[in-house]
Amino acid sequence: MGIARRIFSRTVVSATTRKVVQVPKQSRQRPYSTHPPTARLNIPTDFSTTPLLAHSSQSALQNIELDAEVRNGTTKRMNLFQSINDALSLALAADESVILFGEDVAFGGVFRCSMGLAENYGSERVFNTPLSEQGIVGFGIGAAAEGMKAVAEIQFADYVYPAFDQLVNEAAKFRYRDGKEGRHVGGLTVRMPCGGVGHGALYHSQSPESLFSHVPGLRVIMPRSPIQAKGLLLSAIASNDPCIFMEPKALYRAAVEQVPTGSYTLPLSKAEVLKEGTDLTIVSYGHPLYTCSAAIEKAEKDLGISIELIDLRTVYPWDKECVLSSVRKTGRCMVVHESMINAGIGAEVAASIQEDKDTFLRLEAPVMRVAGWSVHMALMFERFNIPDVARVYDTIKRTVEY
Amino acid sequence: MRAPLQRLARNPHHLRARYPFLRPLFLQRWNSSLSQKPGAAGVRFPGAVDSKFTSALQFEHPSTYPAIPTYRAMSPEGDIIDPSFTPASDELALRMYENMLSVSIMDVIMFDAQRQGRLSFYMTGQGEEGTCVGSASALEMEDVVFCQYREAGVFKQRGYTFDDFMSQLFANKRDHGKGRNMPVHYGSKALNIHTISSPLATQIPQASGAAYALKMQRLTNPNIPPRIVACYFGEGAASEGDFHAALNIAATRSCPVVFICRNNGYAISTPTLEQYRGDGIASRGTGYGIDTIRVDGNDIWAVREATKRARELALKDAGRPVLIEAMSYRISHHSTSDDSFAYRARVEVEDWKRRDNPITRLRKYLEKKGVWDEEKENEARGRIRKEILKAFAQAEQEKKPPIRSMFEDVYEEMTPETRAQMKNLKDVIDRYPEEYDVSEFEGGKDSLSQ
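Protein chains in written order, with our numbering: chain H, 1 to 402; chain Y, 1001 to 1450.
Read the hints as simulated data drawn from the structure, not as lab findings.
There could be a bad hint or two in this list.
As the list claims (entries may be wrong) - Selected chain H positions facing chain Y (in silico; Cβ < 10 Å):
(1) D46
(2) F47
(3) P51
(4) E124
(5) N128
(6) G135
(7) E146
(8) A150
(9) A172
(10) K173
(11) S239
(12) P317
(13) W318
Unchecked claim - Cross-link-like lysine-lysine pairs, in silico, BS3-like; alpha carbons within 25 Å at most:
(14) K1400(Y) with K180(H)
(15) K270(H) with K1400(Y)
(16) K357(H) with K1390(Y)
(17) K180(H) with K1390(Y)
(18) K329(H) with K275(H)
(19) K357(H) with K1189(Y)
(20) K1189(Y) with K180(H)
(21) K1173(Y) with K1423(Y)
(22) K1173(Y) with K180(H)
For glycine and all other residues, C-beta sits at the position ideal for the given N, C-alpha and C.
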């Protein structure tokens, strides 16, 4: 496991510097999984124009969830890893009890999220651990139990399973079993890169969020953008509940927007309506929101309909009321996520919709799920597995024509 | 743009120019130059800097190393045999003796109570009272403790009362765990002992993290007294991956933690021969770069003294972990769900009970000092028994915690989902009152109202 990880991380670092170096002609790297140039729907996301990112200072500061001071402040262009780095830096500066640790975080992390932090805040607060995920999370639980704000990093979400016992049996149940004694490990935040990246195959592509959504006691969060990543990560660190913070690694460098420079938080367990609509509700979170946005643009033009797009942001405990009230309005719903369809977040959302009397009566079509197939992520076949614009578009079409 | 790896390795400057963010990493590597000096006798591989070259091909065999000795301060006859060791005051010795006696009497009563069906489960600690009481007596109250489950003696020594034990065992409304945990899963914030959880060994890396927290807190605020973490576990639990993770991370991060392994010969039915093939647990400590000692767990003075010294060591310099392996014998069954005579001879158990036992050994010491005798023994046994039975009777009669407790404390605040489910349960009980007896719970079904 360790060897594979290191080889991969080197690839990521070099692959991601492509833009900076600008020698594409010599590049021998070829994405394993792409769509043909003739595609009408499956066009690579243009992150410089997507409406999901704040391309100007004004649009970034318009966010009414930010407090007045931050809205009157400045912004800075950041990609997702830079905004996470910014959030971590602000958290370390604001509170001496914040510590940051994991495999290779001291030199900046294999995705550069902790760059410069060990230098600025000292090797006692930002440090490498031995290569042991159960150790990292167990250590974090212990530190949090004694009042620290422990921010642990699991190098890839694919490698969180050795720590599953510590997360499920220990972190999630700590407050509950301590009862009147009132001790808890709310100071614990476990960050992990997740999701497909084009060539991650079986062990560098997974999104295990639904495994954690079956565990009361944990908050499971996945941001879609740099602004969100910063605000939600600061909320997760401040939260008195243990949080799993999943970072879509494909967005680390791709998603760039103007991010408020001040310290701000965004609410946990609260969804965000990204775009209002009247005919169909699409529920998603993380990276696939960009796919949804592109599909919505095409479908609205082609079919003359209006679609509402909801970003769950926290997948558990999730904002059921926001989704239900939207579906009561539109009468149709589909859920889009990257991880497997079976027992995924979509299953929970769909079941909750049909279980709610008022919403059930308003349904005009079955609730549909567009998600990864119930298979493993095979290197050569990623583009056939992760929901793409064509699949989302097709499901929109079939749902409204039902 | 992607230079072959060999070229990058030959010309790291080129790499640095292209990947400016890698600079700190490369600087760090170059500064800690471990290059081979010509003619050097020692190897300077980064992974083992003190290793010498040898031209003899020879495997290190465990049997070529002597077994780590077991430290004793007091003989089985109660005589002090380490001349450099001075036992603590008689007052403390008597208190420790009474605490050992208390948990052993409580064990007998509660084991029988479980057999009568008056509580669901129990685990005794017979034979290991010395390890628990002795080590706990060497800790400061500010020290943080993590337990496995067979450490009632630690709780007793730190001040857990019979009422506390009984409330937890009967999961009544005075149980600090709000009736959520199985019996013997004690916990106390006031006594700085984290609540016990069933999954084995999970507490060991947590102890490392907690110790790191204590170290950091003292670094930022020198007014905080120096504190350590003590972490208890059995030799079976030491086979879990969490044991490995914990000792390794505690060593690399210099955590002030004392790991106390109770090696009692059995993990349920599994004898140590099927648990490991090395020299017990102690021999692993040095492999992790940890100061280690093996002590006679039936010798309360040896355990106390080793723990005292371990605490001092753990606080030295920037802090460091220490491992104590306390050897003993699990006289009792594993739990009330276990009949240990299915896998070991009754005579073996009887032999250990009679031949060597932490309680009788300290009793011999006290009698030789003239501060204990048969009369005092009988008085103490009668008094303790009475106190336990009184607490037992009270705890058994107490109401159970409110049903609402079931829904609380999952998160800091109850989620809308949980509120809805609590209301759901209330509605079911309202509709089917004959199906649920809510009378024994504090507040009945009303506690489920919002």
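Would you check whether S239(H) satisfies its interface hint, that is, whether its CB is within less than 10 Å of any CB in chain Y?
holds (8 Å)
Answer holds if the nearest beta-carbon of chain Y is closer than 10 Å to that of G135(H); otherwise answer violated.
Where the cut-off is 10 Å and the nearest Cβ of chain Y is about 3 Å from G135(H), the hint holds.
Restraint check, 10 Å cut-off on beta carbons, for E146(H) near chain Y:
holds (4 Å)
Against chain Y, run the beta carbon of A172(H) and see if the smallest gap drops under 10 Å.
holds (8 Å)
Double-check W318(H) for me: the hint is only fine if its C-beta lies closer than 10 Å to a C-beta in chain Y.
holds (8 Å)
Has the given pair, K329(H) with K275(H), been kept, meaning a C-alpha gap of at most 25 Å?
holds (14 Å)
With 10 Å as the cut and Cβ atoms as the points, is P51(H) at the interface with chain Y?
violated (30 Å)
For the hint on A150(H), just tell me whether its beta-carbon gets within less than 10 Å of chain Y.
holds (7 Å)
Against chain Y, is P317(H) within 10 Å by beta-carbon distance?
holds (4 Å)
Does K1400(Y) sit within 25 Å of K270(H), going by the straight-line distance between their CA atoms?
Between K270(H) and K1400(Y) the Cα gap is close to 36 Å, so the pair fails against 25 Å, i.e. violated.
Is the hint on F47(H) kept, meaning its closest Cβ partner in chain Y is under 10 Å away?
violated (21 Å)
Against chain Y, with CB atoms and a cut of 10 Å, does the hint on D46(H) hold up?
violated (23 Å)
Of the numbered hints listed earlier, those contradicted by the structure are 1, 2, 3, 15, 16 and 19.
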